[in-house]
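Line by line, the protein sequences give chains B and X. Residue numbers for the first sequence follow my numbering, beginning at 1 and rising by one. Residue numbers for the second sequence follow my numbering, beginning at 287 and rising by one.
Among the clues, some could well be false.
Have a look at the derived ranges for each label pair, beta carbon to beta carbon [said to hold, decoys possible]: (1) L221/B - L450/X: 50 to 60 angstroms; (2) A446/X - L97/B: 45 to 55 angstroms; (3) D411/X - I229/B: 46 to 56 angstroms; (4) A24/B - R516/X: 46 to 56 angstroms; (5) D398/X - A172/B: 29 to 39 angstroms; (6) L97/B - D411/X: 32 to 42 angstroms; (7) L267/B - A446/X: 31 to 41 angstroms; (8) S176/B - L522/X: 40 to 50 angstroms.
Since the hints were derived computationally from the structure, they do not count as laboratory data. C-beta: ideal position from N, C-alpha, C; glycine also.
Each chain, written out:
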Amino acid sequence: MSIDTDAPPPPAVTRDAPAPDLVAVAARAGRSRRAPRWARRSIAPLVLLAVWQVLGSTGALSAQTLAAPSTVLGKAVTMTADGTLPSALAVSLQRVLCGLALGSLVGVGLALVAGLSRLGEDLVDATVQMLRTVPFIGLIPLLIIWVGIGEAPKVALIAMGVGFNLYLNVYAGIRSVDDALVEAGRTLGLNRRQQIWHIVLPGALPGLMTGLRYALTVSWLALVFGETINADNGIGFLMNQAREFFQTDVIVVCLLVYALLGLLADLIVRALERTLLSWRPTFSGT
Amino acid sequence: MATDLQRNVRNSTGAAVLVRGLRKSFGPEVVLDGLDLRLEPGQFTVLLGASGCGKSTLLRILAGLDREIDGEVLVPGRRAVAFQAPRLMPWKKVWRNVVLGLPGRPDRPLADRVLAEVGLAHRADAWPKTLSGGEAQRAALARALVHEPELLLLDEPFGALDALTRLRAQRLVAEVWERRNCAVLLVTHDVEEAALLADRVLVMRAGAIVHDEPVDLARPRDPADPAVLRLRSSLLDRLGVSGPY
Chain B
1 MSIDTDAPPP PAVTRDAPAP DLVAVAARAG RSRRAPRWAR RSIAPLVLLA VWQVLGSTGA
61 LSAQTLAAPS TVLGKAVTMT ADGTLPSALA VSLQRVLCGL ALGSLVGVGL ALVAGLSRLG
121 EDLVDATVQM LRTVPFIGLI PLLIIWVGIG EAPKVALIAM GVGFNLYLNV YAGIRSVDDA
181 LVEAGRTLGL NRRQQIWHIV LPGALPGLMT GLRYALTVSW LALVFGETIN ADNGIGFLMN
241 QAREFFQTDV IVVCLLVYAL LGLLADLIVR ALERTLLSWR PTFSGT
Chain X
287 MATDLQRNVR NSTGAAVLVR GLRKSFGPEV VLDGLDLRLE PGQFTVLLGA SGCGKSTLLR
347 ILAGLDREID GEVLVPGRRA VAFQAPRLMP WKKVWRNVVL GLPGRPDRPL ADRVLAEVGL
407 AHRADAWPKT LSGGEAQRAA LARALVHEPE LLLLDEPFGA LDALTRLRAQ RLVAEVWERR
467 NCAVLLVTHD VEEAALLADR VLVMRAGAIV HDEPVDLARP RDPADPAVLR LRSSLLDRLG
527 VSGPY
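Chain X extracted, bound-state conformation (with noise of 0.2 angstroms):
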């Protein structure tokens, strides 16, 4: 892992995670150009960004899975991370894809724990193929959490769910949230799954963080409520996108 090296750096900063001056290129292509980046234990972080503007990127070298940088990058050692799109072992049942990867035999209460968890505790003897696109989501979620992650990677994990099965995947991972109290990135370009999830929010463009914003309202968050309405439509302006239809 990419923090085998710097799993040793003993942590006085106080910070659950910290990129000094990250570089990133792919050949001639500069995607991320002397970025530095600070995220606070427990806090829910969106980094906010249209396609192609390096916030995948930065979320794939958060989570180890490229290597090829220059720069300082210190993450905690136990990260998760859920994709767009689920990435489950077809050939798994349910339960046996959560607890894939953990140490001695499959643990299968503690799948149970962990699936009853996201509300997916029917769904354990299941085949990967014959869940829903939101169970399969929730299945991924749990994969997730049963590392007790202290770092949670998130890349547009609602991106590929209709409209009603999103809001609840987002509900559900505030409160997955409020309950582990872990520090939490989540990557999207949707400015209303921001404006009701973040304790901060970060807007991204070209490679660099452009806006960086502290949102201070109170939770459960009301997607009609003015102040949510207000944050989307400043963020929508931060990212280029404003007017009505």
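With the rest of the complex left out, here is chain B (with noise of 0.2 angstroms):
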């Protein structure tokens, strides 16, 4: 059906109005000529790349404070040919993973007692409130005389990072699960312990996400440190190393893996997020 628009609506009730000024909407212009997006956004860091790649090559910077771009990659491709790169990635890797598995356990334990029940909560949250107030990192001088120099004291620090924020954000999560939903579950019959089961712990899973992400960061963070002090293996010895002979090439290829290392994390927690958060309209898997 359509409408004559120009002719005046059929008499129904008339009131005594003026009639306002009309103006027109203009449709929008197409942007498809534009650049994409990621080209746009990738200028930047390419001008960045070339700009000391052409100080490097001309020598206005020199290898000993920053070896060109040319120069890390062939270096990395050397080290990664001689096996020291390797080597040293899975020595560091196995630290990550062995402080990673030790602060989940832990952190995500402390939060299921402390967020679940009363007791619990008075017995866990303020000391691990008060705890979490001392800079990690400051602990570096006690773990050594605790637990000496060999991996302990590395994998002791990178649980620490990953337990503190694992506790924080499903502690957090735990307590942010909707009273209406627990209610909701009370009516239907579920015990403590399936509420428990239905309700709170998926309702505390996105908390967990965010902490897992947290976590990963800070487990880098603490490894960096961890691996820069009395490491005799590891990327952070081999950036150690570096420094005492001024090989720039060597420190920079260290820092990339660092970063890689990062991104790869943070790909690994989106693909859990992708499947474990589905039901969150929310989210957009990209």
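With the hints in hand, could you dock these two chains into one complex?
Encoded structure:
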């Protein structure tokens, strides 16, 4: 059905009101001719890289200050070929995984105890909240005194960073579960154990994911700190050794490896979120 | 549950709900004071009242959600509640929400049957957050029905729905109730809803039931029926809202 818009409407109830001036709402021109977003975004990094390379090649930037990108790339290839980089990477990854496992176990465990019961909250939460104000990196000297200079202090340092982050977010996640849902569960006849399993824990999952993301970031940070102290292998050890000989190319290669590992961790968390939180309509899986 | 102690009381009264001398206070504020109520099996009772009159408190007590009370409250063992917000678990598919709380493994065929009863079979595998308001409310109704309640408690279940969806949902509740033959207590502030659905209307004010009226009109009822309109305006009078706009 179409209506003749130019003709006045059929007389129903007429009111004595002035007709307003009308302005046209112009359709906006398409934006298809512009460069795609990703291309525009990569301009600045590419320019920076080019400037860095030019400065390095012309000698304006000495290799002792900062090696040129091409040198760094070459170094990365040699280090991979002669096995130094892969073996160091393996050692560092192992430290992070051990620290993550230990920290997750303790952090999530304590969060469950504190989150699910009043008694647990009173026993655990205040203490953890107090301890977390201590910058854990500052504990390195104590850790060395307690557990020596082997693998233990490095793993412990990572575990602490991971544990605190997971604790805070999982605890907050549990406590932010909508009470109305728990109440609905009670009217459905769910007992306490079933309420936790069907309502509280799934509701705390977004908190767990946030915590995991922070925990992974912090674990690399803790790794860098841990490995620059008394390490005889690992990525941080390579960096320290390179410092002694002004090998800036090696240092940059190691930094790149750290960055790539961080990126990889983020991808893993995103994939986890995609599967575990697919019920959230706000999640745009890209 | 609140009925654990009372379940063994032999029902010689023939009532579906029996409340005697119910008193409930939040600190110094008395919300319900010496309330008596008897609901008959199979009857559709509408509890009408303005916000804050204590009607939702009464419903929560009957649902067993609030047990810090004085007085005697007898309710059937099989009760179900649908709230104003659907309160579906967002991390469970619709059909799993419907059978949540039933013993044993999640029973898909049962969920499908009940969802079909409320006209939502096609959304069984949807995530709750993708449902429209009316669909979510129907899912919540299915979740209540799956328990085969002897008493169905509805706390303003149509309050958040748009006018057209609300009409459809009201009709659905009327159909389901006639089929299931359970006692229904519907709490609302919508007078027209009361006039369309009730066998009996209770008007509540300041924690007490101030008016109790049987509604003997043929079903299904037409909102434009003069008898319905008369009832509507007399109920508005009872609530202290009357006269044209």
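Whether the CB-CB distance between D411/X and I229/B falls inside 46 to 56 angstroms: holds, 54 angstroms
Hint check for L97/B and A446/X - Cβ pair distance inside 45 to 55 angstroms: Because 48 angstroms falls inside the window, the suggested range holds.
C-beta pair S176/B, L522/X: status relative to the range 40 to 50 angstroms that was hinted: holds, 41 angstroms
Cβ separation of L267/B and A446/X, checked against the hinted range 31 to 41 angstroms: Cβ of L267/B to Cβ of A446/X: about 40 angstroms, so the range 31 to 41 angstroms holds.
Outcome for the supplied range 46 to 56 angstroms, where the beta carbon pair is A24/B and R516/X: 53 angstroms Cβ-Cβ, so the 46 to 56 angstroms window holds.
32 to 42 angstroms as the expected CB spacing between D411/X and L97/B, which holds or is violated: holds, 37 angstroms
Distance restraint hint 50 to 60 angstroms, applied to the beta-carbon atoms of L221/B and L450/X: Holds - the Cβ-Cβ distance for L221/B and L450/X, about 56 angstroms, lies within 50 to 60 angstroms.
Cβ separation of D398/X and A172/B, checked against the hinted range 29 to 39 angstroms: holds, 38 angstroms
Against the hints set out earlier in the document, no violation occurs for any number.
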